[in-house]
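Just so you know, the sequences run in chain order A and B.
So the first sequence is numbered by our numbering: it starts at 1358 and just counts up by one.
So the second sequence is numbered by our numbering: it starts at 21 and just counts up by one.
One or more of the hints may lead you astray.
Quick partial rundown of chain B residues pointing at chain A, CB under 10 Å, derived from the structure [stated by the list, open to error]:
1. Pro28
2. Tyr53
3. Gln57
4. Phe65
5. Tyr68
6. Glu76
7. Pro90
8. Thr96
9. Gly105
Since the hints were made in silico from the structure, they are not lab data.
Glycine is no exception: its CB is placed at the ideal position from the N, C-alpha and C atoms.
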Amino acid sequence: AQKITQTQPGMFVQEKEAVTLDCTYDTSDQSYGLFWYKQPSSGEMIFLIYQGSYDEQNATEGRYSLNFQKARKSANLVISASQLGDSAMYFCAMRERRAGNTGKLIFGQGTTLQVKP
Amino acid sequence: DTGVSQDPRHKITKRGQNVTFRCDPISEHNRLYWYRQTLGQGPEFLTYFQNEAQLEKSRLLSDRFSAERPKGSFSTLEIQRTEQGDSAMYLCASSLGLGGETDTQYFGPGTRLTVL
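From just these sequences and the hints, can you work out the full model?
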């Protein structure tokens, strides 16, 4: 069965520094996608970045990059040059690609990030 | 179009009452998902629509829950005879429906339900 594990309930980072949020996953499928979402206190889930299991290069989107290590089944999110507005809950999610799959996402429990001025 | 919208944003109800939530997806999106999120947890899948067809329901979706997507546009989620355990954030997401693992889901702001 699919499973996402985020082992850091809470993280602190100094403004302008980089931070890595950990995510490990478990799947028996060869084809899958990994997503990171940000959830501010307002509640909306904001899509940040996507990594496909067959992508050879790590995904990047502005200040966000995904450190994808397939053999270790990890997909860590790296935020560079942290800003106060980055303070939020961050979720790692996975979707398997299999016949008949509806595309539902399986989420981890999240990591709360607080950026200190 | 600015994104997925949900209404209401907050709902407080008494135990035993029925409630209905609405989700308007991004206009060209074929797929629509409902998730439930309790405090301190990640969202959990409830149900999924491809256009107007409801193609999957989680076992979390008891017979008190019903969802519809008439005409493949907006969707409603109704909870009958609410219980305190139904208190949660209900999130709606939509996607283009490209299939495979690359189909990104975009979420609405959620409806926060409190059952007294």
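Hints, verified against the model:
{"no.": "1", "hint": "Pro28", "result": "13 Å, violated"}
{"no.": "2", "hint": "Tyr53", "result": "6 Å, holds"}
{"no.": "3", "hint": "Gln57", "result": "8 Å, holds"}
{"no.": "4", "hint": "Phe65", "result": "4 Å, holds"}
{"no.": "5", "hint": "Tyr68", "result": "5 Å, holds"}
{"no.": "6", "hint": "Glu76", "result": "5 Å, holds"}
{"no.": "7", "hint": "Pro90", "result": "19 Å, violated"}
{"no.": "8", "hint": "Thr96", "result": "19 Å, violated"}
{"no.": "9", "hint": "Gly105", "result": "19 Å, violated"}
Going through the hint list in order, the structure does not satisfy hints 1, 7, 8 and 9.
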